[in-house]
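Protein chains: 2
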Amino acid sequence: MIVAGFGRFGQIATRLMLANNFTVVLLDNSIEQIEIIRRFGWRVHYGDASRIDLLRTAGAEKAKLLLVAIDDREKASELVEAAHQAFPKLKIFARAYDRRHAYELLKTPNVTVERETFESALNMGRKALLKLGLSERRASRAAAVFREQDDRFFKELAPVAGEEEAYIMATRDARETTERLLRTEMQRIAEEEDMEDAPQLEPAHRLEAEKERV
Amino acid sequence: MIVAGFGRFGQIATRLMLANNFTVVLLDNSIEQIEIIRRFGWRVHYGDASRIDLLRTAGAEKAKLLLVAIDDREKASELVEAAHQAFPKLKIFARAYDRRHAYELLKTPNVTVERETFESALNMGRKALLKLGLSERRASRAAAVFREQDDRFFKELAPVAGEEEAYIMATRDARETTERLLRTEMQRIAEEEDMEDAPQLEPAHRLEAEKERV
Numbered sequence: 003m004i005v006a007g008f009g010r011f012g013q014i015a016t017r018l019m020l021a022n023n024f025t026v027v028l029l030d031n032s033i034e035q036i037e038i039i040r041r042f043g044w045r046v047h048y049g050d051a052s053r054i055d056l057l058r059t060a061g062a063e064k065a066k067l068l069l070v071a072i073d074d075r076e077k078a079s080e081l082v083e084a085a086h087q088a089f090p091k092l093k094i095f096a097r098a099y100d101r102r103h104a105y106e107l108l109k110t111p112n113v114t115v116e117r118e119t120f121e122s123a124l125n126m127g128r129k130a131l132l133k134l135g136l137s138e139r140r141a142s143r144a145a146a147v148f149r150e151q152d153d154r155f156f157k158e159l160a161p162v163a164g165e166e167e168a169y170i171m172a173t174r175d176a177r178e179t180t181e182r183l184l185r186t187e188m189q190r191i192a193e194e195e196d197m198e199d200a201p202q203l204e205p206a207h208r209l210e211a212e213k214e215r216v
Numbered sequence: 003m004i005v006a007g008f009g010r011f012g013q014i015a016t017r018l019m020l021a022n023n024f025t026v027v028l029l030d031n032s033i034e035q036i037e038i039i040r041r042f043g044w045r046v047h048y049g050d051a052s053r054i055d056l057l058r059t060a061g062a063e064k065a066k067l068l069l070v071a072i073d074d075r076e077k078a079s080e081l082v083e084a085a086h087q088a089f090p091k092l093k094i095f096a097r098a099y100d101r102r103h104a105y106e107l108l109k110t111p112n113v114t115v116e117r118e119t120f121e122s123a124l125n126m127g128r129k130a131l132l133k134l135g136l137s138e139r140r141a142s143r144a145a146a147v148f149r150e151q152d153d154r155f156f157k158e159l160a161p162v163a164g165e166e167e168a169y170i171m172a173t174r175d176a177r178e179t180t181e182r183l184l185r186t187e188m189q190r191i192a193e194e195e196d197m198e199d200a201p202q203l204e205p206a207h208r209l210e211a212e213k214e215r216v
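Note that the protein sequences, when read in sequence, are chains P and C.
For the working numbering, count along the first sequence from 1 and bump the result up by 2.
For the working numbering, count along the second sequence from 1 and bump the result up by 2.
Simulated from the structure, these hints should not be mistaken for laboratory data.
Hints should not be assumed to be uniformly reliable.
You can't tell identical chains apart in this list, so a pair holds if it fits in one copy or across any two.
Calculated pairs, DSBU-like style, for lysine-lysine (alpha carbon to alpha carbon, straight line, at most 30 Å) [claimed, not checked]:
1. LYS93 <-> LYS64
2. LYS129 <-> LYS157
3. LYS109 <-> LYS129
4. LYS91 <-> LYS77
5. LYS133 <-> LYS77
6. LYS133 <-> LYS66
7. LYS64 <-> LYS129
8. LYS133 <-> LYS93
9. LYS109 <-> LYS133
10. LYS133 <-> LYS157
11. LYS91 <-> LYS129
12. LYS66 <-> LYS129
13. LYS64 <-> LYS133
14. LYS77 <-> LYS109
15. LYS157 <-> LYS93
16. LYS91 <-> LYS64
17. LYS64 <-> LYS77
18. LYS93 <-> LYS77
19. LYS129 <-> LYS77
20. LYS129 <-> LYS93
21. LYS91 <-> LYS133
22. LYS66 <-> LYS93
23. LYS109 <-> LYS91
Remember, predicted model here, so these are calculated numbers, not experimental data.
Looking at chain P on its own, in the form it has when it is part of the complex (with noise of 0.2 Å):
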């Protein structure tokens, strides 16, 4: 496979694919960047992977697949449909800067998108919540809940992402059913914790509790 930019996104999906024995070409167009990465013992080809021929050269035609792991928008999007264009049958994944990216990435066919900062916001939230004394199970589910309803309403909204005015009715609507939906979530797992919390009590107390109502 290959992969387009090695910063901090594409060194780490790249990583995961080296130790299950995948054979990786990195492309990187700043030097800078091939200096650093060099250094800390990667070997990484210099050049512009929005150049066919170098992506040809690369073995983009017998390649499994082109990860697109780019920190530029427009060249993510550029080097996307270019790849398609002279490669129909790669498979694409790329790395979206935001919701906005990920549609307009999606437009080129066999293109699969991950949104940069989404899991990593979502974990922090959920983090956040076991700090604010939430419950593992419940914070772990605010989070599932919260993706689910996030992936419906991405696939949902993607036919009017384009227009303006409806694409934010559409997403305000949707962000009130996601809440409201998690709320009654989250408060369904609460009584739960509420009703386990009753016989979780020890025997001692129990009796402790029928004595006191004696």
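Mind docking chain C on chain P? Use the hints.
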């Protein structure tokens, strides 16, 4: 709680809090960003969160948590430090640009950090492994082992984070150890899966196989 910086990152974490009935005060110092956010139906206060008086007005004395999700490394570091000085009991969660920024933020006590692209990059790597034909279990395990190891080395390397050469050497070692561990774990799962595959043959197929052997 107080959220400083309400971009892609802050919004997601905030929505998890709101759904769990925490009161959130939002601060952002970009007028443009605030206008966009308000169009989406949010009430956000305008102001430079690094001004202590503004944090105080926002309720920092009593807040359970300050979430710093600013998209500017230096400003985030300054805010984290200043907020801790003024409100030593305040728990702070901070969005870090990368590993180095994370180390910098952690110099201040009472701070929890989250590298802003780490989880998303890991998730993309996991999904790429799935696309390349690995089992759900193997791909998820790869991501989990990577996270565990990364977490371990993040803590272990903290003392040398400020020393350029030592840090680079230690990072190379850590990377090799992680890769070796991951490879071993992936190998182990692959072998387990091969063994599980064998008895999963349908009875009819098993008969066929036996016939052939005869």
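Taking the hints in turn, this is what the structure says about them:
1. Taking the shortest alpha-carbon separations for LYS93 and LYS64, only the intra-copy value of 11 Å comes in at or below 30 Å, while the best inter-copy value is 51 Å.
2. Both within a single protomer and between protomers do LYS129 and LYS157 lie at most 30 Å apart by alpha-carbon distance, with minima of 27 Å and 18 Å respectively.
3. Taking CA atoms no more than 30 Å apart as the test, LYS109 paired with LYS129 passes between copies only; the shortest distance there is 20 Å, against 34 Å inside one copy.
4. In this assembly of identical chains, LYS91 and LYS77 lie within 30 Å of each other by CA distance solely inside one copy; the values are 21 Å within and 44 Å between copies.
5. Taking the shortest alpha-carbon separations for LYS133 and LYS77, only the inter-copy value of 24 Å comes in at or below 30 Å, while the best intra-copy value is 39 Å.
6. Taking the shortest alpha-carbon separations for LYS133 and LYS66, only the inter-copy value of 9 Å comes in at or below 30 Å, while the best intra-copy value is 42 Å.
7. With identical chains, the CA atoms of LYS64 and LYS129 are at most 30 Å apart between copies only, with a shortest distance of 20 Å across copies and 42 Å within one.
8. For a Cα distance limit of 30 Å, the shortest separation of LYS133 from LYS93 across copies, 9 Å, qualifies, whereas the shortest one inside one copy, 40 Å, does not.
9. When the C-alpha separation of LYS109 and LYS133 is checked against a cutoff of 30 Å, the pair qualifies only between copies, where the shortest distance is 20 Å, while the shortest distance within a copy is 40 Å.
10. In this assembly of identical chains, LYS133 and LYS157 lie within 30 Å of each other by CA distance solely across copies; the values are 20 Å between and 32 Å within a copy.
11. For the homomeric pair LYS91 and LYS129, the shortest alpha-carbon distance between copies (18 Å) is at most 30 Å, but the shortest distance inside one copy (40 Å) is not.
12. In this homomeric assembly, LYS66 and LYS129 come within 30 Å of each other (Cα to Cα) only across copies, at 14 Å, whereas the closest approach inside a single copy is 36 Å.
13. Taking the shortest Cα distances, LYS64 and LYS133 sit within 30 Å of each other only across copies (16 Å), while inside one copy they are farther apart (48 Å).
14. Taking CA atoms no more than 30 Å apart as the test, LYS77 paired with LYS109 passes inside one copy only; the shortest distance there is 15 Å, against 36 Å between copies.
15. In this homomeric assembly, LYS157 and LYS93 come within 30 Å of each other (Cα to Cα) only inside a single copy, at 20 Å, whereas the closest approach across copies is 36 Å.
16. In this assembly of identical chains, the alpha carbons of LYS91 and LYS64 lie at most 30 Å apart only when taken from the same copy (9 Å versus 57 Å across copies).
17. Within a single copy, LYS64 and LYS77 get their C-alpha atoms as close as 23 Å, which meets the 30 Å cut-off; across copies the closest is 45 Å, which misses it.
18. In this assembly of identical chains, the alpha carbons of LYS93 and LYS77 lie at most 30 Å apart only when taken from the same copy (18 Å versus 39 Å across copies).
19. For the homomeric pair LYS129 and LYS77, the shortest alpha-carbon distance between copies (23 Å) is at most 30 Å, but the shortest distance inside one copy (34 Å) is not.
20. For a Cα distance limit of 30 Å, the shortest separation of LYS129 from LYS93 across copies, 12 Å, qualifies, whereas the shortest one inside one copy, 34 Å, does not.
21. Taking the shortest Cα distances, LYS91 and LYS133 sit within 30 Å of each other only across copies (14 Å), while inside one copy they are farther apart (47 Å).
22. In this assembly of identical chains, LYS66 and LYS93 lie within 30 Å of each other by CA distance solely inside one copy; the values are 7 Å within and 46 Å between copies.
23. In this assembly of identical chains, the alpha carbons of LYS109 and LYS91 lie at most 30 Å apart only when taken from the same copy (16 Å versus 49 Å across copies).
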